[in-house]
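Chemist: Work out the full structure: start from the sequences and follow the hints.
In terms of UniProt numbering, the sequence shown opens at residue 1 and continues consecutively.
Everything labelled a hint here was simulated from the structure, so no lab data went into it.
Where is the CB? At the ideal position from N, CA and C, for every residue including glycine.
A hint or two may mislead.
Listed below are the simulated SDA-like cross-link pairs for lysine to any residue, each with C-alpha atoms no more than 20 angstroms apart in a straight line [to be verified]: (1) K132 with I71; (2) K156 with R82; (3) K132 with I30; (4) K37 with P48; (5) K132 with L105; (6) K37 with A92; (7) K37 with A14; (8) K132 with W142; (9) K132 with L17; (10) K37 with A124; (11) K37 with S65; (12) K132 with G110; (13) K37 with V62; (14) K156 with G167; (15) K156 with L86; (16) K132 with F106; (17) K37 with L66; (18) K37 with H60; (19) K132 with L144; (20) K132 with V112; (21) K132 with A92; (22) K37 with V25; (23) K132 with A28; (24) K132 with G100; (25) K37 with T69; (26) K132 with V53; (27) K132 with V25; (28) K156 with W83; (29) K132 with P109.
Just the calculated beta-carbon pair ranges, DEER-fashion [as the list claims (entries may be wrong)]: (30) Q128 with S51: 21 to 29 angstroms; (31) G145 with E45: 27 to 35 angstroms; (32) L57 with F119: 32 to 40 angstroms; (33) L17 with A157: 20 to 28 angstroms; (34) L7 with P109: 44 to 52 angstroms; (35) V36 with G159: 43 to 51 angstroms; (36) P48 with S155: 34 to 42 angstroms; (37) V79 with W52: 27 to 35 angstroms; (38) V64 with P109: 23 to 31 angstroms; (39) A8 with W52: 42 to 50 angstroms.
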Amino acid sequence: MPEIAALARAATQAARLVSRYGLVVVLAWIGGGKYVKMDSRVLIEHSPLLSWVYDVLSVHAVAVSLGTTEIVAACLIAVRPRWPQLSAIGSAMTVVLFLGTLSFLFTSPGVVVTFAAGFPVLSAQPGQFLLKDLVLIGVAFWTLGESLGAMANRSKASGVPIEEMAGIHGTV
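Modeler: Listed below in structure tokens is the structure:
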């Protein structure tokens with residue numbers, strides 16, 4: 001049984017690394033794509049929650065803003081070993097981003113292309129492209145929880161209150 005326990009630890013460690021830094025790569029890559037050609041307009045313009053942004057910003061400004069947000073979130077998640085509080089912020093940003101993109105599953109035309117024996121079939125674009133965000137939001141929630149847990153552990157070990165460690169000041 002010791003071999004199984006060692007294998008379980010190794011697999012769990014690999015899952016942590018691939019989940020965290022896989023999310024970082026996906027966010028940074030998709031964010032970088034917003035600077036060149038990748039356009040979210042077709043998704044955003046049909047969203048009752050977000051379509052208003054085009055009344056305020058140009059298509060290019062929206063794309064660059066989203067891309068920058070995704071890249072910043074990726075960088076913040078990546079620094080978890082040194083700064084878990086920054087990673088928690090990046091993870092929370094990512095959860096919000098993926099909540100937005102998952103909402104497009106219900107508002108974008110062409111998500112469901114046909115019904116096979118009563119079962120909705122997702123289109124490759126945008127349906128399947130958006131559906132992957134369900135897994136990614138799960139990873140973002142995990143990185144958020146793991147980063148908050150690391151903050152709590154550091155707080156306990158150092159005796160510094162977690163609110164102070166997180167930079168939260170004042171009373172309510």
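Chemist: Now tell me, hint by hint, if it's right for this structure.
Modeler: Consistency of the hints with the structure:
1. Distance restraint check for K132 and I71: the Cα-Cα separation of roughly 19 angstroms lies within the 20 angstroms cut-off, and the hinted pair is therefore satisfied.
2. Proximity of K156 to R82 is assessed by CA-CA distance (about 16 angstroms); at most 20 angstroms being required, the pair is judged to hold.
3. The suggested pairing of K132 with I30 holds, with an alpha-carbon distance near 13 angstroms, which does not exceed 20 angstroms.
4. With a CA separation close to 24 angstroms, the supplied pair K37 and P48 exceeds the 20 angstroms bound.
5. A threshold of 20 angstroms between alpha carbons decides the hint, and for K132 with L105 the separation of about 11 angstroms falls inside it, so the pair holds.
6. Between K37 and A92 the alpha-carbon distance is near 26 angstroms, which puts this suggested pair outside the 20 angstroms criterion.
7. Among the hinted pairs, K37 with A14 is inconsistent with the structure: their alpha-carbon atoms are about 33 angstroms apart, more than 20 angstroms.
8. Note on K132 and W142: the hinted pairing holds, with a Cα-Cα distance of about 16 angstroms set against a maximum of 20 angstroms.
9. This hinted pair checks out: K132 and L17 have alpha carbons roughly 19 angstroms apart, not beyond 20 angstroms.
10. With a C-alpha separation of about 19 angstroms, the suggested pair K37 and A124 falls inside the 20 angstroms cut-off, and the hint holds.
11. Restraint check: the Cα-Cα separation between K37 and S65 comes to about 14 angstroms, which is no more than 20 angstroms; the hinted pair holds.
12. Only pairs whose Cα atoms come within 20 angstroms are accepted, and K132 paired with G110 is accepted, the gap being roughly 16 angstroms.
13. With a C-alpha separation of about 13 angstroms, the suggested pair K37 and V62 falls inside the 20 angstroms cut-off, and the hint holds.
14. Annotation: proposed proximity of K156 to G167 holds, straight-line Cα distance about 16 angstroms (limit 20 angstroms).
15. The suggested pairing of K156 with L86 holds, with an alpha-carbon distance near 18 angstroms, which does not exceed 20 angstroms.
16. At roughly 14 angstroms between alpha-carbon atoms, K132 and F106 fall within 20 angstroms of each other, so this suggested pair holds.
17. With a CA separation close to 13 angstroms, the supplied pair K37 and L66 stays within the 20 angstroms bound.
18. Taking the CA atoms of K37 and H60, the gap is near 10 angstroms; set against the 20 angstroms cutoff, the hint holds.
19. With a C-alpha separation of about 19 angstroms, the suggested pair K132 and L144 falls inside the 20 angstroms cut-off, and the hint holds.
20. Annotation: proposed proximity of K132 to V112 holds, straight-line Cα distance about 15 angstroms (limit 20 angstroms).
21. Note on K132 and A92: the hinted pairing holds, with a Cα-Cα distance of about 18 angstroms set against a maximum of 20 angstroms.
22. Simply put, K37 and V25 have alpha-carbon atoms about 18 angstroms apart, close enough for the 20 angstroms limit, and the pair holds.
23. Taking the CA atoms of K132 and A28, the gap is near 16 angstroms; set against the 20 angstroms cutoff, the hint holds.
24. For the hint linking K132 to G100, the alpha-carbon distance of about 13 angstroms falls within 20 angstroms, and the restraint holds.
25. Among the hinted pairs, K37 with T69 is consistent with the structure: their alpha-carbon atoms are about 17 angstroms apart, no more than 20 angstroms.
26. Straight-line distance between C-alpha atoms of K132 and V53 comes to about 24 angstroms, which puts the hinted pair past the 20 angstroms bound.
27. Simply put, K132 and V25 have alpha-carbon atoms about 15 angstroms apart, close enough for the 20 angstroms limit, and the pair holds.
28. Of the supplied pair hints, the one linking K156 and W83 holds, its CA atoms being roughly 16 angstroms apart against a limit of 20 angstroms.
29. With a C-alpha separation of about 17 angstroms, the suggested pairing of K132 with P109 holds against the 20 angstroms cut-off.
30. As the Cβ distance of Q128 to S51 is approximately 23 angstroms, the hint placing it in 21 to 29 angstroms holds.
31. A hinted range of 27 to 35 angstroms for the beta carbons of G145 and E45 is consistent with their spacing of about 34 angstroms.
32. For the hinted restraint 32 to 40 angstroms between L57 and F119, the CB-CB distance of approximately 39 angstroms keeps it satisfied.
33. The supplied range of 20 to 28 angstroms is met by L17 and A157, whose beta-carbon atoms lie about 23 angstroms from each other.
34. Take L7 and P109: their Cβ atoms lie about 47 angstroms apart, and the range 44 to 52 angstroms holds.
35. Taking 43 to 51 angstroms as the suggested C-beta distance range, the pair V36 and G159 conforms, at roughly 48 angstroms.
36. At roughly 41 angstroms, the beta carbons of P48 and S155 sit within the given window of 34 to 42 angstroms.
37. Roughly 33 angstroms separates the CB atoms of V79 and W52, a value that falls within the hinted 27 to 35 angstroms.
38. Against the hinted window of 23 to 31 angstroms, the Cβ-Cβ separation of V64 and P109 comes to about 25 angstroms, which satisfies the hint.
39. Under the hint 42 to 50 angstroms, the C-beta atoms of A8 and W52, about 49 angstroms apart, fit the expected range.
Violated hints, in rising order: 4, 6, 7, 26; the structure is consistent with all others.
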